[in-house]
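Starting from the given sequences, assemble the full structure and let the hints guide the process.
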Amino acid sequence: MNFDFSDQEKLIRDQTGRFLGDNCKSEEVRRVLEGNDSYARELWSGLANMGLMATAIPEAYGGVGGGYLGLCVIAEQLGAHLAPVPMSSSIYLAAEAITLYGDESQKETWLPKLATGETIGTLAAVETVQEMTPESINVESDGKTISGTKLIVPDGGIADIAVVLARSTDGLSMFIVDLNEGAVSRTNVDTVDPSKNSASITFNGAPAELLGEAGNGWSMLQDIYDRAAVLFAFEQIGGAQKVLDMAVDYAKQRFAFGRPIGSFQGLKHMMADMYVALKLAESNCFYAAWALANNAADLSTAAATARVSATQAFQLCSRDNIQVHGGMGFTWEVDCHLFYRRSNYLTLVLGGLSVWENRLIESLSASKAA
Amino acid sequence: MDFSDTREEAEFRQEARQWLSENAPTHLEESLASSGFGRTNTGDNDPLAEAKKWQKKKSEAGWACIQWPKEYGGRGATPIQSVIWNQEEGIYGRLSATFIIGHGMCGPTVMAYASEELKQKYLPKLSSGEEIWCQLFSEPASGSDLAGLRTKAEKDGDEWVINGQKIWTSGAQHSDYGILITRTDPEVPKHQGLTMFILNMKAEGVDVRPIKQANGDSGFNEVYFENVRITDDHRLGAVGGGWQVSLTTLMNERLAIGGGIATGYPEIKELLESLPLAGGKAIDNPAVRSKLADWHCKAAGLKNTASRAITALSKGDTPGPENSIGKLVAGSMMQDVAKFALDLQGLGGIMMDPEVAEGTARFQAMLMRSPAVRIEGGTDQILRNIIAERVLGLPADMRADKGLPFNKIPSGN
Chain A
1 MNFDFSDQEK
11 LIRDQTGRFL
21 GDNCKSEEVR
31 RVLEGNDSYA
41 RELWSGLANM
51 GLMATAIPEA
61 YGGVGGGYLG
71 LCVIAEQLGA
81 HLAPVPMSSS
91 IYLAAEAITL
101 YGDESQKETW
111 LPKLATGETI
121 GTLAAVETVQ
131 EMTPESINVE
141 SDGKTISGTK
151 LIVPDGGIAD
161 IAVVLARSTD
171 GLSMFIVDLN
181 EGAVSRTNVD
191 TVDPSKNSAS
201 ITFNGAPAEL
211 LGEAGNGWSM
221 LQDIYDRAAV
231 LFAFEQIGGA
241 QKVLDMAVDY
251 AKQRFAFGRP
261 IGSFQGLKHM
271 MADMYVALKL
281 AESNCFYAAW
291 ALANNAADLS
301 TAAATARVSA
311 TQAFQLCSRD
321 NIQVHGGMGF
331 TWEVDCHLFY
341 RRSNYLTLVL
351 GGLSVWENRL
361 IESLSASKAA
Chain B
371 MDFSDTREEA
381 EFRQEARQWL
391 SENAPTHLEE
401 SLASSGFGRT
411 NTGDNDPLAE
421 AKKWQKKKSE
431 AGWACIQWPK
441 EYGGRGATPI
451 QSVIWNQEEG
461 IYGRLSATFI
471 IGHGMCGPTV
481 MAYASEELKQ
491 KYLPKLSSGE
501 EIWCQLFSEP
511 ASGSDLAGLR
521 TKAEKDGDEW
531 VINGQKIWTS
541 GAQHSDYGIL
551 ITRTDPEVPK
561 HQGLTMFILN
571 MKAEGVDVRP
581 IKQANGDSGF
591 NEVYFENVRI
601 TDDHRLGAVG
611 GGWQVSLTTL
621 MNERLAIGGG
631 IATGYPEIKE
641 LLESLPLAGG
651 KAIDNPAVRS
661 KLADWHCKAA
671 GLKNTASRAI
681 TALSKGDTPG
691 PENSIGKLVA
701 GSMMQDVAKF
711 ALDLQGLGGI
721 MMDPEVAEGT
731 ARFQAMLMRS
741 PAVRIEGGTD
751 QILRNIIAER
761 VLGLPADMRA
771 DKGLPFNKIP
781 SGN
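Each protein sequence line maps, in turn, to chains A and B. Under my numbering, the first residue of the first sequence is numbered 1, with each subsequent residue one higher. Under my numbering, the first residue of the second sequence is numbered 371, with each subsequent residue one higher.
In short, the hints are calculated from the structure, not lab data. Model, not experiment: these values are computed from the prediction. Any given hint could be a false lead.
Stated by the list, open to error - Okay, derived cross-link-like pairs now, DSS-like style, lysine-lysine, Cα gap no bigger than 27 angstroms in a straight line:
{"id": "1", "chain 1": "B", "residue 1": "LYS525", "chain 2": "B", "residue 2": "LYS440"}
{"id": "2", "chain 1": "B", "residue 1": "LYS423", "chain 2": "B", "residue 2": "LYS639"}
{"id": "3", "chain 1": "B", "residue 1": "LYS772", "chain 2": "A", "residue 2": "LYS252"}
{"id": "4", "chain 1": "B", "residue 1": "LYS673", "chain 2": "A", "residue 2": "LYS10"}
{"id": "5", "chain 1": "B", "residue 1": "LYS709", "chain 2": "B", "residue 2": "LYS685"}
{"id": "6", "chain 1": "B", "residue 1": "LYS651", "chain 2": "A", "residue 2": "LYS368"}
{"id": "7", "chain 1": "B", "residue 1": "LYS709", "chain 2": "B", "residue 2": "LYS673"}
{"id": "8", "chain 1": "B", "residue 1": "LYS778", "chain 2": "A", "residue 2": "LYS368"}
{"id": "9", "chain 1": "A", "residue 1": "LYS107", "chain 2": "A", "residue 2": "LYS144"}
{"id": "10", "chain 1": "A", "residue 1": "LYS368", "chain 2": "B", "residue 2": "LYS423"}
{"id": "11", "chain 1": "A", "residue 1": "LYS10", "chain 2": "A", "residue 2": "LYS25"}
{"id": "12", "chain 1": "A", "residue 1": "LYS10", "chain 2": "B", "residue 2": "LYS685"}
{"id": "13", "chain 1": "B", "residue 1": "LYS582", "chain 2": "B", "residue 2": "LYS661"}
{"id": "14", "chain 1": "B", "residue 1": "LYS491", "chain 2": "B", "residue 2": "LYS423"}
{"id": "15", "chain 1": "B", "residue 1": "LYS685", "chain 2": "B", "residue 2": "LYS525"}
{"id": "16", "chain 1": "B", "residue 1": "LYS661", "chain 2": "B", "residue 2": "LYS639"}
{"id": "17", "chain 1": "B", "residue 1": "LYS525", "chain 2": "A", "residue 2": "LYS368"}
{"id": "18", "chain 1": "B", "residue 1": "LYS440", "chain 2": "A", "residue 2": "LYS368"}
As the list claims (entries may be wrong) - Distance ranges between label pairs, derived from CB positions:
{"id": "19", "chain 1": "A", "residue 1": "VAL192", "chain 2": "B", "residue 2": "ALA766", "range": "45 to 51 angstroms"}
{"id": "20", "chain 1": "A", "residue 1": "ASP245", "chain 2": "B", "residue 2": "THR448", "range": "46 to 52 angstroms"}
{"id": "21", "chain 1": "B", "residue 1": "LYS685", "chain 2": "A", "residue 2": "PRO58", "range": "27 to 33 angstroms"}
Built from N, CA and C at the ideal position, the CB exists for glycine as well.
See the structure below:
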C-alpha cells in the first residue's frame, strides 16, 4: 500500500508553499479584502508562470496533464495562504466543466487560455437565497442567447467567461457565455469574505453556446461539484492546518496568571480537538484525492466525505483559533478573522454542510443499491 | 498513490492466506462473526480453551507473535507483515483477545529489559499461548497519575517483598505472570522511586478478585499483594528505573489498542437503513442523515488514517502522530451512536434482553460498555494532553507535586 503523495507531488506542494509564503503574505490578502483590488493580479500571473493552472488540464489543450494529485496539493497551499485568486472558479469549476463536457472546438478555444490564466472562468448557478434546487433555476436560454440574473457568482466580477446553468426547452442545460461581450451586466456583491470577489450577473440576451448535452445540466452540475469538492476540501484543510499552527504558536508565547496560556488544559484540549478534526479530514482528503485521480467508482462518496470533514475541520479550527487569541483575535489587525471569513466562504461556495451531508448519505445509499 | 501490495508483501500475504485456508478453525467462524461488543463468542465451546488451541496451532507453524525474533517464539517479521497477517487472520483474530496484553505490552517490555535467561524462559511460552500474562499498573489511588502508585517493594536480601493493591487488571484471573510496577523509594520524587518486576501470579500472597463493573460484566480485577516475594533476578530495569520501563509498555499499549478500533458505525448505519420512524424510514429524516454523515466521516477518517500508518510501515518508517487519535475519536463516538440508537427505539430502547431487544441488544451493550472505552488505556483527557504536549508541543501543565519527595505529596487523605 502506498497511501501517500509522491515525492514529485510533495515537491510541487513545497514549491507552491514557498512561492505563496513570499508572494501572498497577509498584506496581499488584505489589499483585496479592503477593496484596493478585486483579486491579486500579480500573484495570479506568478502562479501562471509556475504553470499551476495548467496542472490537470490535458496536454492536448495547453495543459501539463499532470493529473489531479498535483492540483490537490496546490489547492492545499492556496488554502493555507488564503490566496485571493480565482483558481477555484477558473480551474476546479470552469476548466473542469469544459474538460468533461466540452466539444473539441470548445476545448481548443478555452482550455489553453484557462491553462495560462489569461482567461478567468467561473461557474454561475445560484439564483435565490435558499438551498439550490432545479426548480430555483430561472435564467432562460433559447439555445443561442441567455437571459436572467444569477444572484451570486464566485469571482463573477473578474471572470472572462462563465459556465452557466440555465433553463432551455430541453430542461436545465449548461452554456458557455463570454462575459466580456455585450448584454452582460455585473455588480460586485459584499460577502463575509471580501478577499474573494463575488458578483451578481444579469444576462440580457447574451450570446450563449451549449456545453454538453441539452437537458442534462443538473446532473452535469452534480458531477462537476463532486470533483471540485475534493479540491475545495484541500483548500479547507490547508487553512485548518494554518490556523491550528497560529493557535499553538500564540498559546506558547502569550502568558497569563504567570504561565503560558498553552499550559492550561482548557486551551490544550481545545487545540487537541482541532488537531483531531484536522487529521480525520486530512486522511479523508487523501482518499478523495486518490478517488479523483483514478476516477474511482466511489468518487461521489469519497468527495462528500472529504468535503464534510474538511468543512467541519476548517470551521472548528478557524473559530477556536479566535478563542485561543482572546480579545486580540477579534481585532481587524490580527489575521484570525481572515481565516474565519474564508472558512465560511469555502463552506458555502459549493452548498453548505447540510447539503453535503445529504449528498453523502445519497451516495452511500446509491452505492448500496448498485 | 495506490492500494496494492508490493511484490514481497503480496508473496507474504499469499503465504499467510494459504496457511490460514488449511488451518483456520472454520467451525468457529459463524459464532465469532456474531461476537457482541467486548465479548468473544465461540458458541458452545469454551472461549479460553479455543483461544489457547488456536494460538498453539499458530505457534507451531510460526504464525504467533510474528514480529518477535525466532528464538523467542516469533518469526522475525516486519511491521508491515504483521499488519498483513492481521488483515488475513481477520475474524479469527478475535480469538486472541486474551493474549493482547501479554503479546502487545508485556512481551515487548520483557524483551527490552529482562536477562537473556528469562527471555528464553518466558517469551516462547507467552507467544504460544501456553502462559497468559497481565499488566499490573493502575491502583485505586493512581489511574491517570500512574506515577503516584503506592504498592511497596522492599528489599530483603536477594528478594523483594511486595505489599499493596492493583486494580483494573484485565485478565488477571487467567494469568500465569504479570509485569508489576512498584514503589521502592518513597523519599524521592515520584517518578524516580519506581521499580518494575516480573510477578508469578500463582505466588503465595497474590489474591485476585474480579470487579463487578457498571455494566454487570467482570473483565477486570483487583489484585492484592501480601508479603509476596520476588527474586531480584526478576527485576526489569534498574532499581528506581521503573518509570522508563513503563513507558515502553505504554507505548506498545497505544499501538496495540489503536488499531482497527470499534466505533459502532457499521451497526448504526444498518439500523438507520432499516428502522421505521413516524413519517418514513429513519435514513430519510434530515436530522438522522446529518448524524450518520458525521459518523461516516469519522469512521472513514480513522480507516484512512490507518492506511497512512500502514503506508509508513510499508516504507520502513514510523507511523506519524495522527495515529494517536483513534481511541479518542472512537470512544465518544460509540457512546453517541449507542445513545442515538436507543433514542430512536422509544421506550423499547431500554430493553436489554437479547431475545426481544433490537439487534440482540447490541446498542444497549455498547451504551453500557462505552464509558469504559473513554477511560481504559488513557482517558480522553489524558489523550488530549498527550496530543497537545507531545504532538503540538504545547507546554506541560503546572504540577503541584513537581520535585516533591513522594511521601510529601498531598493525597487528599
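Name the hints, by number, that the structure is in violation of.
Going through the list in order, the structure violates hints 1, 2, 5, 8, 10, 13, 15, 17, 18, 19, 20 and respects the others.
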